[in-house]
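K.L.:
Letter by letter, the chains look like this.
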Amino acid sequence: MDFIVPDFSPALPEIVLLGLICVVLLADLFVTDERRIITWWLAMAAVAVTLLAILGSAPDLRTLTFSGSYVADPMGQILKIVSVGLMALVFIYSRQYLTEAGLRRGEFYTLSLFALLGILVMISANTLLTMYLGLEMLSLALYALVAFDRDSAVAAESAMKYFVLGAIASGMLLFGISYLYGVTGAIEFGPLSLAIRDAGPDDVALWFGLAFLVVGIAFKFGAVPFHMWLPDVYQGARTPVTLLIGSAPKVAAFALAMRILVDGLPELHGAWQGMLMILAVLSLGVGNVVAIAQTNIKRMLAYSTIGHVGFILLGIFTGTEAGYQAAMYYTITYVLMAAGAFGMVILLSRRGFEAEEISDFKGLNSRSPWFAAMMACFMFGMAGIPPWVGFWAKLNVISAVLDAGRFAPDGVIYTWLAILMVVFSVIGAYYYLRVLKCVYFDAPEDSAPLTAPREMQVVLSVNALAILGLGLVPGTLLALCASVIG
Amino acid sequence: MDFDYLLSLLIWLPIAGGLVVLAIGDGDDAASPRASAMRLAALGTSLATLAASLPLFTGFDRASAAMQFVERMPWIDTFNVFYHLGVDGLSVPLILLTTFITPLVVIAGGRSITKRPAQYFAAFLILEGLMIGVFCALDAMLFYVFWEAMLVPMFLIIGVWGGERRIYATIKFFLYTFLGSVFMLVSLIWLYVQSGSYGILDFHALPIAMEAQILIFLAFLLAFAVKVPMWPVHTWLPDAHVEAPTGGSVVLAAIMLKMGGYGFVRLSLPILPDASQALDWLMIALSLIAVVYIGFVALVQQDMKKLIAYSSIAHMGFVTLGFFVLWDIEQSTGSVSGAGLGLTGGMVQMVSHGLISGALFLCVGVMYDRLHTRNIADYGGVVNTMPVFAAFMVLFAMANAGLPGTSGFVGEFMVILSSFQASFWYALLAGTTLVLGAAYTLWMVKRVIFGDVANEGVAGLADVNGREFLVLGILAAAVLLLGVWPAPLVDLMSVSVDQLVEQMSRSKL
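Taken in sequence, the protein lines are chains A and B.
For reference, each letter of the first sequence is one residue, going 1 to 486 in the numbering used here.
For reference, each letter of the second sequence is one residue, going 487 to 995 in the numbering used here.
Quick caveat, the hints were computed from the structure, so don't treat them as lab data.
Once the Cα atoms are required to be at most 30 Å apart in a straight line, the calculated DSBU-like pairs of lysine-lysine come out as:
| id | chain 1 | residue 1 | chain 2 | residue 2 |
| --- | --- | --- | --- | --- |
| 1 | A | 362 | B | 658 |
| 2 | B | 601 | A | 362 |
| 3 | A | 437 | B | 601 |
| 4 | A | 437 | A | 362 |
| 5 | B | 658 | A | 437 |
With the hints as extra help, turn the sequences into a complete structure.
P.N.:
Now the structure itself:
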């Protein structure tokens with residue numbers, strides 16, 4: 001039997017990251033609590049070097065390696081850049097918070113980096129098993145992170161919920177994978193797609209497996225009705241962990257859906273399209289309506305995530321390149337806004353005080369007009385008001401859906417989907433406005449100055465201004481998304 | 487002189503000025519040098535914008551219906567969206583109205599705004615830029631961006647500086663108008679998907695089937711009817727007006743309501759002539775309901791701002807009546823000559839209503855600053871203590887009632903005249919406004935201004951100060967000027983109106 005040395009270069013960023021994680025893990029053992037900042041610097045360095053490795057790899061075309069189980073392509077590269085950048089945001093936003101909460105332990109950084117590694121593997125997965133591997137690496141790291149504050153009963157409860165439900169979802173995914181493998185004998189996306197084409201898409205066993213796969217994807221996205229874990233986990237976890245869960249894993253979920261459904265099962269488009277539509281419409285409705293009833297801002301943002309997932313799923317639902325790039329654009333811009341919004345929650349928290357209620361934002365305009373404006377950027381962005389970038393993201397999806405409806409036999413459904421999207425955007429605008437009502441119209445109940453470190457303030461401001469800037473000049477990112485899809 | 491980038495200048499100058507004002511900040515108190523510098527920057531920006539808009543009036547070619555001062559460059563290649571600006575005779579008057587009203591609002595704000603004045607002035611300046619953007623945009627997506635972005639400063643203006651129920655009012659305002667606009671967004675995207683372009687002028691030439699036209703017309707109607715506002719989607723307006731600070735009410739009444747009317751002439755009528763014709767009965771009916779029914783509603787108001795708000799709705803009914811009466815004229819007289827009169831009347835009415843309602847809200851603001859009440863019952867005999875103010879107030883009230891010699895008469899007369907050509911009954915119902923308008927306005931004036939001094943508060947009133955005199959005086963001059971000599975305004979738009987009539991009477995099926 002010949003042993004062929006595989007081409008490692010497409011997986012270089014992941015290999016580099018894994019090596020650096022080991023360095024961080026080992027170095028942290030020798031760092032005392034007072035000097036934990038060293039771990040922070042090492043983690044940041046790991047993120048930076050990984051980013052350089054990703055930028056350096058620059059794949060122009062799809063490159064397969066490891067016997068076809070690993071793929072490097074332009075779409076993956078962009079998604080990886082975004083994920084790594086988000087992880088840097090997480091570290092920057094959470095540094096002082098963790099110190100003040102007495103949670104400055106090295107595990108936070110190693111677990112986060114392992115989660116990042118899982119995300120990168122998912123983005124590059126080209127077989128169902130690689131995908132599963134990455135997903136589990138991400139999920140296990142996240143379960144542990146949610147329970148990171150071990151003295152908190154709430155955190156432990158939500159970690160338990162997350163773990164049990166996540167395990168069931170992983171089981172579903174595996175079950176679906178085994179069905180597909182049983183029917184087609186392939187786990188690599190390319191051959192899988194060919195095998196389905198040859199066998200014809202009408203095999204009930206395929207559909208059965210597909211349904212389980214879609215359930216797994218929906219769980220990771222947090223799409224209704226597989227969203228139950230999401231609000232509890234968002235609320236129960238410490239805010240930096242919520243920030244982590246709410247940002248980069250959404251990119252991974254998008255990659256999961258794109259790789260499995262679009263790369264692996266394009267022949268079953270007719271079957272998964274309907275499933276995604278139902279998930280998307282339910283997510284839009286439940287997410288946006290239930291968010292109105294929330295008083296806890298982390299919970300509100302959790303339901304708002306569910307609403308946004310509806311848009312992302314509708315982009316994928318179209319089955320067109322325009323739809324995929326719209327979903328990708330939506331994912332990237334949404335995670336930027338979500339990271340910033342949770343960053344604001346961290347900004348307002350301080351030693352012994354969690355700014356978890358929407359009412360904690362009262363009078364922010366009197367305390368700091370600048371950060372009130374930054375919060376306005378995040379909220380108007382999420383609400384989809386032009387000129388903030390969230391508007392273009394919504395427009396892009398709506399446009400793709402209407403465009404896909406032109407050639408579809410039941411085009412009127414697409415028009416109704418577009419109308420549903422805008423109506424739920426209006427409903428969604430209400431709870432974002434309610435936050436801004438606290439920020440701008442109410443008198444402050446708490447006039448303590450904001451004590452966040454300078455670098456967090458600067459990065460958070462850049463994050464917010466990026467939401468505005470990308471909205472004023474949306475062409476570049478739109479063109480980038482369009483160029484890497486298809 | 488070269489005016490290549492005039493429109494961009496008009497849009498971005500006030501926005502940049504607003505940011506400068508924000509950067510200067512409030513200072514320690516109203517008398518501090520920093521606060522003075524901030525107010526000076528705000529006033530300077532608004533006056534500079536007014537000055538920059540003058541070439542629009544002098545350099546505008548009145549013989550051409552084509553878009554002028556055009557700027558066009560790619561903005562978003564993926565969607566084929568252009569940064570495309572241009573003006574014709576329908577938009578120039580409204581832009582001039584905007585640049586004329588904003589400095590007055592800034593002057594009127596003066597030192598009377600004590601809560602976060604820098605943000606107040608910045609909000610108005612940014613709002614001015616965005617509103618001018620709406621009137622200039624020739625790309626539907628650019629139009630929509632300005633149209634929606636405009637809500638943000640107004641949301642803050644009402645919410646931060648408004649009255650007691652400001653939060654309810656501002657969220658209602660935002661959601662109401664947002665809900666109306668999103669259907670327009672879907673329609674615009676649909677038109678893009680059909681035509682491959684977001685150019686409004688391309689939409690004008692795009693043939694559209696009747697069924698689609700009707701649906702798009704209804705979607706546009708929702709967006710514009712909420713803005714105008716037309717009965718029965720007017721209910722946000724009295725709330726917003728009553729709770730908004732004086733400057734907010736002025737801008738809302740004088741300019742933002744005109745967005746709806748402008749939307750009809752820029753989008754609905756030329757893009758969807760057949761649907762407009764098919765549904766003109768609906769538009770005329772809603773307009774007449776606004777004129778008559780809302781007129782009666784205005785009659786019973788106890789709150790001055792609410793009364794003026796309802797009177798605005800009734801007057802805007804004239805605007806929509808004038809816009810949609812064309813086909814009935816064609817039917818009853820057999821030709822469309824003279825049909826332009828209704829459109830011209832509607833446009834003149836928009837400008838005139840902008841001046842008059844703005845002035846009336848400023849008058850209420852003058853009294854509110856002194857006694858902190860808007861209730862009619864809390865006043866009486868104001869003429870005894872504020873004679874100069876009373877003179878202004880009576881003038882604007884007369885103008886609101888459509889007295890000949892004031893600008894209020896010109897537009898109403900043109901619309902009634904053209905509706906007479908269409909049907910006697912339209913004209914009769916529209917004509918009731920002359921009675922109703924006079925009734926509610928003059929009755930309010932009688933109760934507030936005339937009679938004996940009603941209470942100690944009124945007895946202690948001081949007459950208008952120099953700043954108030956300046957603002958009201960400028961508006962009074964404008965109202966009278968347009969009343970006796972409307973020709974410059976009518977000339978400005980006549981060719982564009984003719985082109986619109988031609989577009990409206992050409993089927994696109």
